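Visitor: For the protein sequence lines, the chains are Z and Y, in the order given. First residue of the first sequence? That's 1 in this note's numbering, and the numbers climb one at a time after it. First residue of the second sequence? That's 1 in this note's numbering, and the numbers climb one at a time after it.
Please keep in mind that the hints were generated in silico from the structure rather than gathered at the bench. Because the structure is a prediction, the values reported are computed rather than measured. Some hints here could point you the wrong way.
[Claimed, not checked] With a straight-line Cα cutoff of 27 Å, these simulated DSS-like cross-link-like pairs (lysine-lysine) come out:
no.: 1; chain 1: Y; residue 1: Lys-93; chain 2: Y; residue 2: Lys-145
no.: 2; chain 1: Z; residue 1: Lys-40; chain 2: Y; residue 2: Lys-93
no.: 3; chain 1: Y; residue 1: Lys-152; chain 2: Y; residue 2: Lys-93
no.: 4; chain 1: Z; residue 1: Lys-124; chain 2: Z; residue 2: Lys-110
no.: 5; chain 1: Y; residue 1: Lys-145; chain 2: Z; residue 2: Lys-40
no.: 6; chain 1: Z; residue 1: Lys-69; chain 2: Z; residue 2: Lys-124
Here's the letter readout for the chains.
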Amino acid sequence: MASETSGETAGMPQLDFSTFPNQIFWLVLSLVVVYFIVSKVILPRIGGVLEERHSVISDYISQAADFKKQAEEAEADYEAALAQARAEAQAIAADTKADIQKELDKAVAKADAEIAVKTAESEKAIALVREGAVENVREVALATTNEIVAALMPSVSDDAAVIKAVTARMKG
Amino acid sequence: MAAEEHATGATLNIHPMDQFEIHPLFGDGPVHWYTPTNVTLWLFIAVAAIVLLMVIATRGRNVVPSRGQSVAEMIYSLVRGMIVDITGEAGLKYFPYIMTLFLLILFTNVLGLLPYSFTVTSHIAVTGVLAMAVFMGVTLLGFIKNGGKFLKIFWMAEAPLAIRPILAVIEVISYFVRPVSHSIRLAGNMMAGHAVIKVFAGFAAVLAAGTPLGAGLVAPIVAIMAVYGLELLVVVIQAYVFTILTCVYLNDALHPGH
Numbered sequence: 001m002a003s004e005t006s007g008e009t010a011g012m013p014q015l016d017f018s019t020f021p022n023q024i025f026w027l028v029l030s031l032v033v034v035y036f037i038v039s040k041v042i043l044p045r046i047g048g049v050l051e052e053r054h055s056v057i058s059d060y061i062s063q064a065a066d067f068k069k070q071a072e073e074a075e076a077d078y079e080a081a082l083a084q085a086r087a088e089a090q091a092i093a094a095d096t097k098a099d100i101q102k103e104l105d106k107a108v109a110k111a112d113a114e115i116a117v118k119t120a121e122s123e124k125a126i127a128l129v130r131e132g133a134v135e136n137v138r139e140v141a142l143a144t145t146n147e148i149v150a151a152l153m154p155s156v157s158d159d160a161a162v163i164k165a166v167t168a169r170m171k172g
Numbered sequence: 001m002a003a004e005e006h007a008t009g010a011t012l013n014i015h016p017m018d019q020f021e022i023h024p025l026f027g028d029g030p031v032h033w034y035t036p037t038n039v040t041l042w043l044f045i046a047v048a049a050i051v052l053l054m055v056i057a058t059r060g061r062n063v064v065p066s067r068g069q070s071v072a073e074m075i076y077s078l079v080r081g082m083i084v085d086i087t088g089e090a091g092l093k094y095f096p097y098i099m100t101l102f103l104l105i106l107f108t109n110v111l112g113l114l115p116y117s118f119t120v121t122s123h124i125a126v127t128g129v130l131a132m133a134v135f136m137g138v139t140l141l142g143f144i145k146n147g148g149k150f151l152k153i154f155w156m157a158e159a160p161l162a163i164r165p166i167l168a169v170i171e172v173i174s175y176f177v178r179p180v181s182h183s184i185r186l187a188g189n190m191m192a193g194h195a196v197i198k199v200f201a202g203f204a205a206v207l208a209a210g211t212p213l214g215a216g217l218v219a220p221i222v223a224i225m226a227v228y229g230l231e232l233l234v235v236v237i238q239a240y241v242f243t244i245l246t247c248v249y250l251n252d253a254l255h256p257g258h
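The shape of chain Y in the complex, shown without the other chains (with noise of 0.2 Å):
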């Protein structure tokens, strides 16, 4: 059965998922936790474009900055402006844990466009952690600062007495399913982009085939250029919504009363 839809599947080889599978950088074992994979690998190169850019670009520490600094400087500011926005003076203190996510969700995010890369916010897995740890990291602060009064996000106390327990239900609803669509959020957007990507490249290559001087392969690459630019607005987009969204949760958890 499976052999016979490998059959069927070879005449239009299009395999849009093979992109997103894991497997070990060296050897062909299974994956165990500390296996270095090909996760390992694309979040190695982030990490490396980041000490590129965030470190050694601005190792001048220069008043006119370089084109380098420029760029860091600027995603300094855009996430710094976007806690102050948000959450005022207070969320600066988690300043370095929100640059941390914005800087590897948007380093994984745009290398993950490269071709023959890997995306590794494509995974569920991966933007489950972060927005698990987004969710964990913003209830307990939540009850830290202000107790059971951080429970008070829940009670609506502008909204008519009747209807406020209803509410409050609807409220815990979502609060909980916060870390689900934030998650789910990034890693669709991820996955899908990639996936239309790659299915256009399958008709590329069977049009180009079927059509004489493959001249069917004109429409697909137009296609895949038109995506792949609306790829690159998305990846960066998704990377600055993650990041907003963080902020905003903890601005509930810092600031409870709306």
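Looking at chain Z on its own, in the form it has when it is part of the complex (with noise of 0.2 Å):
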């Protein structure tokens, strides 16, 4: 036995041809199961589950795709309602600008008619009043001047006379 084995480590078992049969018997046997069971189980079962996974995936893309386009659909529809609302918010807000104006103008209009009748009535009261003071300052001066004209040259009283001059003094 010790000697057989020592003889057979000198060569090589892969050429010791009594052994052939038996492997290729083996082999054989082992393909014809694993080609079976590749055939009939492995290859149709991975293969299934792939091409699931692959259409799976491929329902999620469309699916995500058909959520991208509503929110596209959405951010358009938010953007154009948000459009809307400025522009009826601009027009608002001229509107407002436009009646205000037109109450102001009414207004300044009002205050300057009061105004232009206030300074009318004023001004005619100012006028009374000069003329008033005229009339006055005629008949102090009047008054004066006769008193003046009796007490210096009693002789000579000329009513008349005074009443011309003092005419004529106001008149300058």
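If you follow the hints, you should be able to join the two separate chains into one complex; please do so.
Guide: Structure, rendered in structure tokens:
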């Protein structure tokens, strides 16, 4: 046994042709078994799984595309609504501004009219007062002149001449 | 003489080829064609491992795969991609057989790296049968699909006319060498790597006994680790290479016009 082992190790067990039929038989048997398992179970199963996964993923991708489209539509709607609201707000602001301007103009006109009336009245009152003052001054001047004339020259008492002289002086 | 050899071998107790011996599983009798041997055992373990990974791990058919199912799907996609890349969609008809080859070679290769295991693919008888099956299958397929036009693969239409006959002779020789290189590449790689590991393991035993505190053990063990890592790469690559060459040969049969 010992010498036999030693003899075989000197050569290669791979070249021991007596074991070839045994190896070939079991190899072919294993090949057939594995081929059967591969073709009947492994390939259909894994192929099916990969196909299913592929379809699931493409479903999800198309769903995601739908959602994206929806989101884009919603965004567009939102933008449109926002733009409309902005336009409305601007219109309202412009209207309000115009209204306010109109009322303001009206109020200014009214105030101007009132002011004009008041100014006219005041001018009339001032004219009256001025006329009154001039008359008073004339009377006082006449009286004073008469007194002065009477005091200085009692013999010369000519009222008509005094009035004429005072009137002439006041015009000057 | 033989006994003497054995006596000298006892001091340097390295038998790197012992691991490749074929022996009956039960008893010590002769190896008949039907005898269950270590070849049988490791082939069956490989088949069981294939079933475990490719069938049991995928039984959930999950859309979101488990870890095992992911690995099975990766192998499926790898082999399918290989066939489609090299032969086009036409080669998918032979997907089951190419998958069978890849799985059986991959699993026997990887299982062969377990300590005390037996590497079925280190035997030229096994790889020879695999390679001859591919060679004969592809050649028959070439003639069935293309008839006499299949011979065009030996006739380089793009070469100058004068050297075409010489090229044809070279092409014919290289065609018939294909199964030889195809099988020896795989068996040789398996055998060499395993033998190297065994030799280093023998060194470890000798150095452990011959140095104080067995310190000499360190270098061979580091070497074994390095070679083992390399082997792990080699066994997978060789399974891949065998399969991809099968696809290349198949492509010749399907599309002989180069």
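Visitor: Now tell me if each hint is right for this structure.
Guide: Results for each hint:
no. : hint                     : result
1   : Y/Lys-93 with Y/Lys-145  : holds (13 Å)
2   : Z/Lys-40 with Y/Lys-93   : holds (14 Å)
3   : Y/Lys-152 with Y/Lys-93  : holds (23 Å)
4   : Z/Lys-124 with Z/Lys-110 : holds (21 Å)
5   : Y/Lys-145 with Z/Lys-40  : holds (26 Å)
6   : Z/Lys-69 with Z/Lys-124  : violated (82 Å)
Checked against the numbered hints listed earlier, the structure breaks hint 6 alone; every other hint is satisfied.
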